[in-house]
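*Asks:* Chains A and B supply the protein sequences, listed in that same order. At position 242 of the first sequence the residue is numbered 242 (my numbering), and the sequence of numbers has no breaks. At position 132 of the second sequence the residue is numbered 132 (my numbering), and the sequence of numbers has no breaks.
One thing to keep in mind: the hints can contain errors.
When chains are identical, the list treats them as one kind, so a pair holds in a single copy or across two.
Calculated pairs, DSSO-like style, for lysine-lysine (alpha carbon to alpha carbon, straight line, at most 30 Å) [what the hints assert, rightly or not]:
1) 283 <-> 114
2) 184 <-> 165
3) 114 <-> 165
4) 283 <-> 184
5) 165 <-> 283
6) 184 <-> 313
Hints are computed from structural coordinates only; laboratory data are not their basis.
Number of protein chains: 2
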Amino acid sequence: MITGGGGFLGQSVARALLARGGLASEPGGPAQLTDLVLFDQAFPTQRLEDRRVAYVTGDLLDRERVDHTCARGLDAVFHLASVVSAGAEADFDLGLRVNLDGTRTLLEACRVQKAPPRIVFTSSVAAFGGELPDTVVDTTAPMPQSSYGTQKVIGELLVNDYTRKGYVDGRTVRLPTIVVRPGKPNRAASGFMSSILREPINGEPAVCPVLPEAQMWILSPQGAVDTLIHAMELSGSRWGWNRTLNVPGITVSVAEALSALARIAGADARARVRFERDPAIEKIVLSWPARFRTERADRLGFRADSGIDDIIKAHIMRTPG
Amino acid sequence: MITGGGGFLGQSVARALLARGGLASEPGGPAQLTDLVLFDQAFPTQRLEDRRVAYVTGDLLDRERVDHTCARGLDAVFHLASVVSAGAEADFDLGLRVNLDGTRTLLEACRVQKAPPRIVFTSSVAAFGGELPDTVVDTTAPMPQSSYGTQKVIGELLVNDYTRKGYVDGRTVRLPTIVVRPGKPNRAASGFMSSILREPINGEPAVCPVLPEAQMWILSPQGAVDTLIHAMELSGSRWGWNRTLNVPGITVSVAEALSALARIAGADARARVRFERDPAIEKIVLSWPARFRTERADRLGFRADSGIDDIIKAHIMRTPG
Numbered sequence: 001m002i003t004g005g006g007g008f009l010g011q012s013v014a015r016a017l018l019a020r021g022g023l024a025s026e027p028g029g030p031a032q033l034t035d036l037v038l039f040d041q042a043f044p045t046q047r048l049e050d051r052r053v054a055y056v057t058g059d060l061l062d063r064e065r066v067d068h069t070c071a072r073g074l075d076a077v078f079h080l081a082s083v084v085s086a087g088a089e090a091d092f093d094l095g096l097r098v099n100l101d102g103t104r105t106l107l108e109a110c111r112v113q114k115a116p117p118r119i120v121f122t123s124s125v126a127a128f129g130g131e132l133p134d135t136v137v138d139t140t141a142p143m144p145q146s147s148y149g150t151q152k153v154i155g156e157l158l159v160n161d162y163t164r165k166g167y168v169d170g171r172t173v174r175l176p177t178i179v180v181r182p183g184k185p186n187r188a189a190s191g192f193m194s195s196i197l198r199e200p201i202n203g204e205p206a207v208c209p210v211l212p213e214a215q216m217w218i219l220s221p222q223g224a225v226d227t228l229i230h231a232m233e234l235s236g237s238r239w240g241w242n243r244t245l246n247v248p249g250i251t252v253s254v255a256e257a258l259s260a261l262a263r264i265a266g267a268d269a270r271a272r273v274r275f276e277r278d279p280a281i282e283k284i285v286l287s288w289p290a291r292f293r294t295e296r297a298d299r300l301g302f303r304a305d306s307g308i309d310d311i312i313k314a315h316i317m318r319t320p321g
Numbered sequence: 001m002i003t004g005g006g007g008f009l010g011q012s013v014a015r016a017l018l019a020r021g022g023l024a025s026e027p028g029g030p031a032q033l034t035d036l037v038l039f040d041q042a043f044p045t046q047r048l049e050d051r052r053v054a055y056v057t058g059d060l061l062d063r064e065r066v067d068h069t070c071a072r073g074l075d076a077v078f079h080l081a082s083v084v085s086a087g088a089e090a091d092f093d094l095g096l097r098v099n100l101d102g103t104r105t106l107l108e109a110c111r112v113q114k115a116p117p118r119i120v121f122t123s124s125v126a127a128f129g130g131e132l133p134d135t136v137v138d139t140t141a142p143m144p145q146s147s148y149g150t151q152k153v154i155g156e157l158l159v160n161d162y163t164r165k166g167y168v169d170g171r172t173v174r175l176p177t178i179v180v181r182p183g184k185p186n187r188a189a190s191g192f193m194s195s196i197l198r199e200p201i202n203g204e205p206a207v208c209p210v211l212p213e214a215q216m217w218i219l220s221p222q223g224a225v226d227t228l229i230h231a232m233e234l235s236g237s238r239w240g241w242n243r244t245l246n247v248p249g250i251t252v253s254v255a256e257a258l259s260a261l262a263r264i265a266g267a268d269a270r271a272r273v274r275f276e277r278d279p280a281i282e283k284i285v286l287s288w289p290a291r292f293r294t295e296r297a298d299r300l301g302f303r304a305d306s307g308i309d310d311i312i313k314a315h316i317m318r319t320p321g
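Working from the sequences, and respecting the hints, build out all of it.
*Replies:* In structure tokens:
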């Protein structure tokens, strides 16, 4: 099952799983994918044409719907559904309900399965903030400065504890900001970092709400899919007792991203980006760390992108037209 | 209001507040105590004789009861009610409901007050665990190894975020193990550290479930009361944005505690303690750190006890008969 299965990341993971035909579980070799449930409030009009896919339109807050969906038996869950950063900041109650209560509903539905299902939960660099060290390392204390980050860290703690109790086999990855996200902007405060590349490439204007010096810790869409699937495929024993992980990314400033844009898509594209500071966005995004040393994830075989140029080129390759 | 107001710590805080007549709030000087609500599921038969005290028998899970109690207006809350460590480990659902849902109910009741009330929330050394450094410092990442610790850290995060949003003026203290607790043993996994001192002094036998080398980070009952009241009295600006604090304690091994017992209460008393290892208790207690450097709390004026001898002597002084 993929919660948030109608979203861009959920759809990407679904396509990747269908193409691979299953998950490589250790040590038994690949487990065949026979049924894939996409759970979300809404789905793209263009559906994945595959008999293995079932679409369930529902809300994580609808406990009956979640329980009913999970009652057919679950082996593995990618839990991607979430109210994103600016959304959870604007609507505190909605954030708590979806990001905290929704995650609990899902964990409870997993707990009653015959065998503890694997769950990959997506946390975020928003787990960190405050008085940050120059480089975040594996032992840096989470210190969220947003409701979204707070709710993500709470989810990490619950996934860890449900795993420790043997109720689920959970794994949490703290994802970097995903760049370049395709499609329309969402309410993620970090969304501008995709907009300032995606819109100019499409011939459209874009607004950058932070200064050119602002840095972010980023991962490409393909890198995110690979990260999520690798997190699922790793054995529980390789994960060990600590089920929360900072995963690799690269540090890129707005200025570096725009230089790469000019190199790859031309000065015209670059000229479509205008700076207009937005204090609300700045406050959230600048509270996140942009520099990590991810030794544990490196040892576990997680990989980052080679650089911003390749990320932009891959985006252009994938863009229709 | 004091949640858990019927418990040993709640009663001690209540007595201290009544004796002081109020809280010293900065910079306005002392605020007079006119009404003190003790909220708990049960109360000692011997009640505090004071017209300022109201007893409310209720459950934190009874949202209506909490809302109704808080509706009369709240200035300050000591949130001490909790399912303790071994209890939350034995009954996972009860722990989540009381320690997580109960805390949320209280925070919501505070959020609708005219002005954001001060809340002192009691977390614990159980927030820490796993691969611990030799000495826990202010920046050490919480890594709970029990459901109790998990739920406490979640409470810390919520208190921080409700404070950041301006809904409450919260402060969380991670209390050391309180030794010597008076009265009967409770379900706290750390309870033996009080038992092995309290029972022998009363002429009764006691069982120590861990090895003599086991160390704990402890604070006396009086030290805990002082810590909680100081946490309440400090201004929000002195707390700053980070509302979670490791507070001072002292590191004491079981062997050191028993030597002190022999010195103060005699070899006969010491001889009443028998060792019988309990793996379930050991697993929880040994996952907690016993050594801290509490620089931030020291700067904020929090203080530890002078030593285990004084803690035992103070306990004997306070014990009736």
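*Asks:* Among all the numbered hints in the text so far, which are the ones the structure does not match?
*Replies:* none
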